[in-house]
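The task is to assemble the complex, starting from two chains supplied on their own in separate frames and drawing on the hints.
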Amino acid sequence: MEFLLQQTVNGLTLGSVYALLALGYSMVYGVLKFLNFAHGEVYMFGAFAGYGVLTVLGGPTGLLVPVWLALTLMFVGAMVVSSGVGLALERFAYRPLRSASRLAPLISAIGASFFLQAAALLLFSANSRSYDAPTLIPIANGLTIGPINVWAVRVLVIVTAVVLMVLLTWWVRSSRAGKAVRAVSFDTEAAAMMGVDVDRVIVVTFLIGSALAGVGGVMVGLVFGRIFHFMGFIAGLKAFTAAVVGGIGSIPGAMLGGLLIGFAEAYTTAYISSTFQNLIVFGLLIAFLLIRPSGFLGRPELVKV
Amino acid sequence: MSNIGVDSWVAESAERDERYTGWAGPARRLLDRVPSGWKLLVFLAVAAVYPLLVPQAGVRIGITALLLAMLAIGLNTVVGWAGLLDLGYIAFYGFGAYFYAMVSSDQLSVHWPTWVSIPVVVAASALLGALLSLPSRRLVGDYLAIMTLFFAQVFLEVIVNFERLPGVDIDLTGGPNGIIGVEPWQLFGFSLNTFNRNFYLLLLLLGLLIAVLRNIDESRTGRAWRALREDTLAAAHMTTPVNRLKMLAFAVGAAIAGLTGTILGPVQVGVFPNNFQLLFLITIYAALILGGLGSIPGAVLGAVAVAFTPEILRNPGTAGWLFYVALAVLLVSLLRKRAMVASVFVGLAVFGYALRFTLLAIWDESILGAANDTFLSRLLDSWLLILGPAQDLASNYAFVLAVGGMLGVIVAKGWWRVALLVPTVYLAVFVWENKLALQPSVTRQLLFGGVLVVMMAVRPQGMLGTRRVEIT
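Those protein sequences? They're chains E and X, same order as listed.
Here the first sequence is numbered in the working numbering, starting from 1 and rising by one per residue.
Here the second sequence is numbered in the working numbering, starting from 1001 and rising by one per residue.
Treat the hints with caution; some may be incorrect.
Label-pair distances were calculated between CB atoms; the ranges are [stated by the list, open to error]: (1) E:Trp-68 with X:Thr-1466: 55 to 63 angstroms; (2) E:Leu-64 with X:Ala-1390: 20 to 28 angstroms; (3) X:Asn-1196 with E:Phe-230: 48 to 56 angstroms; (4) X:Ala-1349 with E:Phe-230: 53 to 61 angstroms; (5) E:Lys-33 with X:Val-1158: 31 to 39 angstroms; (6) X:Ile-1180 with E:Pro-134: 41 to 49 angstroms; (7) E:Phe-230 with X:Ala-1390: 57 to 65 angstroms; (8) E:Phe-230 with X:Val-1158: 17 to 25 angstroms; (9) X:Gln-1277 with E:Ala-287: 20 to 28 angstroms; (10) X:Arg-1459 with E:Lys-33: 22 to 30 angstroms.
Heads up, incomplete: computed chain E residues facing chain X, CB under 10 angstroms, no partners named [unchecked claim]: (11) Gly-111; (12) Gln-117; (13) Val-166; (14) Leu-167; (15) Trp-170; (16) Arg-173; (17) Ala-177.
What the hints contain is simulated information worked out from the structure, not anything from laboratory work.
What you are looking at is a predicted structure, and each value in this text was computed from that prediction instead of being measured.
For every residue, glycine included, the Cβ atom is placed at its ideal position computed from N, Cα and C.
One chain only, chain X, in its complex shape (with noise of 0.2 angstroms):
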């Protein structure tokens, strides 16, 4: 049946339904059918309740969450709509952060008015932004990923050892100690110096960057950065103005990422150099990653995800299930059949006893030590070895036993994989007690890192993202 003249919701009808396939595939139907007006609204309603129901602690905990998700949709404009690879986003916020700590506080002792400050800041973060995307009009992929970390480890270097121009005695960022005292926002009369003021407005500037990145997307604009993203060269031949899209590109994602970094500022009452090195550029790629890149419902929800996984990880019962929970899911995932995955666990129980019987028997209890005070620790004491003097060093080994036994499970296939998994798994649950659920913020590390890998390789739209396919 031809598709001329039809309208392209209906034409893409039978392509929608074989898209969405599986048990959710019904209730996407019905969720894409909603205007993503609506959706917005909600999810703003949504949140605007959040903080009558926490305490001022889970306040912060979402201003974290929606400042990493305003950075999140910046960086999706820059990398998953238009395609260039940026690694020095992270300069841009800092660049913000700082610019207006240097307005809004006593370092320099200008005190300019909120009016003015903001509409400044955004303004050059966008014209930084357009200078780092000229670069780009000769580099490409890799190159210009490694040009714009270079440029963001330039600017850490420059905050933190260059604070006095030289010859001039003037402190202007602080160096290794920031900024502190910076000022609130001041509008209408009102001071924005509350957490709770401060989550509002962050959640009033998302609203209106995703109405406003919306509409961007489905305009020319993001059309043409759709093209370049697929096929640079084939757009330029089509006469979209290829180096100009860059440029935009490069100046909305800076202008978002500065807006976020002047918020920043009055949020933790002082910038310091620490908000912007390296590990919070992965945060944000993982937030994007994970929701998926191009999608911006996907950009706020992974950054959600990724602000309250530290949370989770912190407090040890949460992570606990967090971490047994997930364990489940991959063994499921990873067995094909029913049986292997009951035998799995009957393997470990029995692995389990033997491997304590033995040990205990060669050296005598005072090898043990106490188990975690979480729920599922104590529940596991009795099974799992929880050592006590060597426990540092046991863990190191089994982390190290864990991971290879990890990859082999990948290689493995069948009944071979499930005696593989007997072991690793003991490995990583005895890991987990004995080490990992004690150092929250390493594993929070690994855990970032290893889902980028596992991400890149399983499920690279993230999400809520679409597959893309690359022509080469």
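One chain only, chain E, in its complex shape (with noise of 0.2 angstroms):
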């Protein structure tokens, strides 16, 4: 019963991670009906900012300023430069192509991707660093919920991310702002001729998904420790896992998604074998791709003729 318990805060820090990045892919797809290769690296750049913030205060050991202000300093750092990748992908690698055909953004984002990862490894270099939590936020600290222990850092993983996904449904639901987003996404030409300015929503969407994929970089870092050029990857096919099976396009969609691959990873990992765990989330996936693409929450997309 305790190792189930464990599993599932395991299960929850990790979904809370995916959802985060499950969402910038939704929410591009919803707007431009076009999935983000790159948005891995972005969410990889995010990771690396929150550590090079560290480092300038002074790193895990020597910190200058007390250790909230530090946390939220590195995952302020991190939306930062994880917005400007993904602002500048979408101006450079995206918009060009918006008139094109159906292969050429998928090309572009396949080369972006690869281009942000080579940038990662000329500046990073390929050793990984690590973010070095448990003298950060040591062990000891944690919440006792019945028969387990949970650390302090899985905490905040995961209230971070639960504030975060509310504070976007009620801005996506309250403000204008987010009533453009969802025009844009439900029928992009309409809300055109409804005076919303598309390019404009393109770019807050991009914007939005990418700083909460750079927070997911950090959370990523102060969780499990390493963090290296490649690791945008396989975290962005997980991701996209998640983004499909909730449904994509769906804002509470991607959530269900990433908590849903969260524990199946966790599970997978501590039942059968971690050899599986990556085939089971991309087995998952294909299941979905071929039973109900639209996902959980997704709606059925309809072609026009």
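The following block contains the structure:
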């Protein structure tokens, strides 16, 4: 029982990160009907940005500011850098191809993803970096819920993710800009005719999606410790799976999908074997794509002739 | 003038004149009149002479180029002709290579004769391709791409992690170490165990494949594929058997990849999971996109260019020439007036010397390092700052600033562009001499990624492709 609860907490933590990444994929797909392959690299740069901020602030051992301030600054720094990368992608890799064939933006995205990986390799070299979170937030700090002890880091990750998702849902539902995003993702042409600035909406969507990915990157650094230039690829694939499973284009769907994939991975690693974890996730994706491509909460896409 | 009853070549002559503009126009028109069979023979003849002129290392690179060319024309069938984005192509290559390795080495102590193993491997690859095409009945575009990408990942995971079937203690795939000791082809008593022999084998196969594919392209099947690519729904309404065609495209592409895989084993005397990573898939795509999607000569040309680039990059001298020539060409194409180009050079000189003077005044000569061992580097050493101890850190910042500058240059216009180009070009040269020239493998990755993005934005049809207009 205790083991199950522990794995559930692991699943929640992983799921929060995947949910944040999947939100980026879902929002961009909803607005542009296009899969941003390079989203994983945005997340990777966020993780490294957080590491950079941590180093500037003195590193995990010699912090110059209180821990809570350091963490906030790390998150903010990661959001800034990730948004920058995401916006650059949108402006230079995707916007010129808005009216091109279906293949062109996909190939451009693959190329951009590759370029960003190489840039990270150039800037950070192939060595992995460590956040050394246990020094930052000692494992001794933690919440004891029932029979299990949850590390403070994991609580932080889960709480931050929940707060961000609540904020996002509120924003999309109540603010004008959120309404514009919903309008553009529902029917781009009609929204344009109603006076919505579609370019602006797309920029805002990329901004928010990338910022969330940046936060996810810092979280992964805090919980799992190691960050390296290739981490965006696999995480990107899994987050994409989460987005599809939950229903691509739907925000609650991305959150649901993220949690599901997080649980699937945690339970597989615990009860079967860690070699299988990637395969199970990929298998889930293939099954969903074949049986119900619109996922749990997505709208089945109608093709107009 | 009505075009009814007129030969299609004649009818298209006006369109051709319109298309072939510019200084290469008359040459291209002339080239168009030469039958493609002759062009293929000329290419084969030139390539056949190649091994006689270069050392064994050069022949090895030639083999890489030919392998890449075969993969590119196979991928062209799936992506360029049928319009199905297949990101799992590398798995077919790997499957062919591993299957052949398993039946032609000591791994399982099975040694099938070549005339048995090759057809079996090719047929099995085609079958696998047909299997993978089944999802394409329901999925299009992005979803199909993701599905195939995942399939490639699954394939990699399986060969690395699952070398043993559960319960059975036979090492099938060698896991992360791959299979070594793969035997060469044995044809007509010849054992194809040297680079030269494999080179000619590849050339022969390439020639045959090109001829066969060209014939398919000009047949009903080729036209049906083109209809499928342009508008699947309309093609289906015109009674084109869409699902069967997708299966055929996948199967043909997979068969070609499988065949290529069977030659990889003998050349490398082994097959390793490292050969089938995403990096190589991107390389094949870069070759195809660069050469021109949908065009066989484009695919071959792109493959040759992409295969020789790492060799050019590895040698610092030629890499430097490549970089500076590309930079110059870029400058000329970005700026409209000659005065602008001249002012960029003048600005660069001034900027460079001023920066050097200032920094040497603040810190002394100790920040400088040795110039790289190339002609151009030594030439620029007195103008450019080639740093010593702070080289890595400064190059990192310079790289980020240079990328930002390049993006700004794209956005800026007129003389603002000139103003922004001066520091950007300086930073680019700085990063090159201080970092990129010293790390050719990373530079190659940067280059391929960048090429894909830029080509899609600037010239999506590649070198020899034709511009497609998508009607949505």
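Hints and how they fare:
no. : hint                                          : verdict
1   : E:Trp-68 with X:Thr-1466: 55 to 63 angstroms  : holds, 60 angstroms
2   : E:Leu-64 with X:Ala-1390: 20 to 28 angstroms  : holds, 24 angstroms
3   : X:Asn-1196 with E:Phe-230: 48 to 56 angstroms : violated, 38 angstroms
4   : X:Ala-1349 with E:Phe-230: 53 to 61 angstroms : violated, 41 angstroms
5   : E:Lys-33 with X:Val-1158: 31 to 39 angstroms  : holds, 33 angstroms
6   : X:Ile-1180 with E:Pro-134: 41 to 49 angstroms : holds, 42 angstroms
7   : E:Phe-230 with X:Ala-1390: 57 to 65 angstroms : violated, 27 angstroms
8   : E:Phe-230 with X:Val-1158: 17 to 25 angstroms : holds, 20 angstroms
9   : X:Gln-1277 with E:Ala-287: 20 to 28 angstroms : holds, 25 angstroms
10  : X:Arg-1459 with E:Lys-33: 22 to 30 angstroms  : holds, 24 angstroms
11  : Gly-111                                       : holds, 3 angstroms
12  : Gln-117                                       : holds, 7 angstroms
13  : Val-166                                       : violated, 29 angstroms
14  : Leu-167                                       : violated, 29 angstroms
15  : Trp-170                                       : violated, 30 angstroms
16  : Arg-173                                       : violated, 27 angstroms
17  : Ala-177                                       : violated, 24 angstroms
Going down the numbered hints, you'll see the structure goes against 3, 4, 7, 13, 14, 15, 16 and 17, while the others check out.
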